[in-house]
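Undergrad: Chains as they are written, first to last, in our numbering: chain X, 1 to 147; chain F, 1 to 147; chain B, 1 to 147; chain Y, 1 to 147.
Calculated from the structure, these hints are not laboratory results. Each hint should be verified, as a subset may be incorrect.
[Unchecked claim] Subject to a maximum C-alpha distance of 30 angstroms in a straight line, what follows is the list of computed DSBU-like cross-link-like pairs (lysine-lysine):
1) 111/B to 111/F
2) 13/B to 111/B
3) 111/Y to 111/F
4) 111/X to 13/X
5) 13/Y to 111/X
6) 13/Y to 111/Y
7) 111/F to 13/F
8) 111/B to 111/X
4 protein chains.
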Amino acid sequence: MSSQFQSRDPAFKARVSASFGEQSVMQLIGATLGTVEPGHVEIELPYRADLTQQDNFLHAGISSTIMDSACGYAAFSLMPAEARVLTIEFKINLLAPAAGQHFRAVGSVRKPGRSVFVAESELHASVDGEDRLVATMVGTLMAVYPD
Amino acid sequence: MSSQFQSRDPAFKARVSASFGEQSVMQLIGATLGTVEPGHVEIELPYRADLTQQDNFLHAGISSTIMDSACGYAAFSLMPAEARVLTIEFKINLLAPAAGQHFRAVGSVRKPGRSVFVAESELHASVDGEDRLVATMVGTLMAVYPD
Amino acid sequence: MSSQFQSRDPAFKARVSASFGEQSVMQLIGATLGTVEPGHVEIELPYRADLTQQDNFLHAGISSTIMDSACGYAAFSLMPAEARVLTIEFKINLLAPAAGQHFRAVGSVRKPGRSVFVAESELHASVDGEDRLVATMVGTLMAVYPD
Amino acid sequence: MSSQFQSRDPAFKARVSASFGEQSVMQLIGATLGTVEPGHVEIELPYRADLTQQDNFLHAGISSTIMDSACGYAAFSLMPAEARVLTIEFKINLLAPAAGQHFRAVGSVRKPGRSVFVAESELHASVDGEDRLVATMVGTLMAVYPD
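My request is simple: use the sequences and hints to build the entire structure.
TA: Here's what the structure looks like:
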């Protein structure tokens with residue numbers, strides 16, 4: 001995993017991991033942190049029947065949960081150690097039904113800034129071993145600094 | 001609750017309620033169906049610590065879960081009985097931290113169509129009895145008809 | 001025109017008007033500034049055949065031009081006198097073809113902040129004297145302060 | 001220019017070019033059609049002072065004009081000859097001020113469909129010979145077929 005970005009905080013992996021551990025919703029849905037590189041974060045989610053909408057596909061809100069966090073932590077990985085990260089807004093496009101045995105949200109920073117970051121994520125479904133892109137997200141994140 | 005729309009299906013409330021009952025994720029997070037009127041659907045969600053992000057606010061993905069379904073069922077309430085509803089895309093703006101004891105997603109149709117619907121939802125938080133608007137969503141939904 | 005907002009700058013109307021006058025694209029397309037109230041700005045645009053796409057409707061980019069500026073100046077009207085306004089992102093939903101003799105973009109602030117503002121705008125078309133909502137926008141604006 | 005897509009219409013280039021020629025707004029702003037490949041369309045725009053906002057950058061609505069058409073024609077290039085193309089919605093993120101001597105909107109289809117297409121575009125500015133990415137767009141397009 002090569003990256004075009006460098007983190008200003010050598011401890012960025014531990015920082016992302018600690019914050020992810022505090023997102024209690026991730027335990028509820030069974031999501032785990034995957035690859036963490038500067039400006040690039042992946043989140044893994046096995047399919048579960050209790051995460052679905054009326055057609056037994058992953059609910060778009062659950063897709064959003066791991067895609068938003070993948071965007072957020074991709075941005076967070078590039079922030080100075082004292083910053084907090086906040087999502088301002090995001091947009092998701094649902095390209096195909098989120099069916100499959102396993103899902104992976106792949107977040108990457110498109111444009112870093114001092115306070116405003118733009119990040120994107122893709123949701124990949126593993127369907128009988130085949131990889132399918134099922135959703136894309138673009139989001140705006142904010143670095144919040146202590147007063 | 002007056003509405004500017006009329007449903008083409010007199011059984012729209014039962015139809016929305018049955019479909020909502022099949023969204024197993026709603027049981028996981030503890031969400032329940034509230035008001036259902038033509039083109040207008042509300043979803044209720046009590047705060048739970050296991051639905052949160054790292055700052056103990058409702059995770060934006062959980063907010064999205066109930067706001068997307070509020071949009072979707074608002075559109076679904078206006079569709080003919082044989083149609084299925086599909087979210088194509090949505091955008092959420094997070095106006096304030098989703099803190100509070102109770103949340104209500106209020107979805108309403110902005111523009112109905114034969115196949116494409118535009119709907120909006122607001123997320124209201126109840127904070128010590130006070131109502132606060134914490135997020136807005138706009139989404140595009142599609143009516144899918146049997147062949 | 002009542003408003004829920006108060007401007008911190010008593011000269012906000014002159015400030016909006018001066019900045020609008022510097023948007024040279026507005027002269028190119030024939031747009032003029034309409035109502036300016038705290039957190040609320042309207043922009044008027046008569047139909048012209050040279051603003052259209054292949055079906056003789058107003059091009060979505062021209063709709064965006066006046067809707068984005070309506071959002072931006074609605075936010076700008078609430079900012080302190082020394083701030084500049086910058087659009088971070090916006091989303092537009094095209095509800096109906098932008099046909100008609102006259103268009104009015106109505107921008108209003110949904111959530112003011114110190115640095116981040118969320119604003120919305122509607123595009124109304126006048127079609128043989130009848131008012132039609134043809135597009136909606138939600139955008140995020142930033143106040144930029146001198147160092 | 002290799003492409004992952006194949007057009008179903010061998011005359012897609014002529015079809016895109018003819019439709020672009022009917023977008024009279026393109027002549028007003030001085031935009032011309034560039035590369036046209038299956039699922040990939042570029043639009044060129046030299047800087048002009050009368051296309052700008054108050055800081056002499058290209059107005060976001062003018063950026064949107066060429067980016068929306070780049071998305072739309074990327075989708076249109078993959079549609080059957082009898083279809084018309086309609087933008088349903090788009091979102092633009094402004095990553096940097098649109099300064100420069102020349103702009104190029106690069107549109108590409110992310111997900112084709114029978115009726116719904118998702119496309120993306122990037123806006124590149126040429127600044128003293130250097131290429132800078134200044135905006136990204138994701139949009140939803142619809143193929144409309146004759147009755």
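Undergrad: None of the hints should be skipped; say for each whether it holds.
TA: Hint check:
no.: 1; hint: 111/B to 111/F; verdict: holds, 24 angstroms
no.: 2; hint: 13/B to 111/B; verdict: holds, 20 angstroms
no.: 3; hint: 111/Y to 111/F; verdict: holds, 24 angstroms
no.: 4; hint: 111/X to 13/X; verdict: holds, 20 angstroms
no.: 5; hint: 13/Y to 111/X; verdict: violated, 33 angstroms
no.: 6; hint: 13/Y to 111/Y; verdict: holds, 20 angstroms
no.: 7; hint: 111/F to 13/F; verdict: holds, 20 angstroms
no.: 8; hint: 111/B to 111/X; verdict: holds, 24 angstroms
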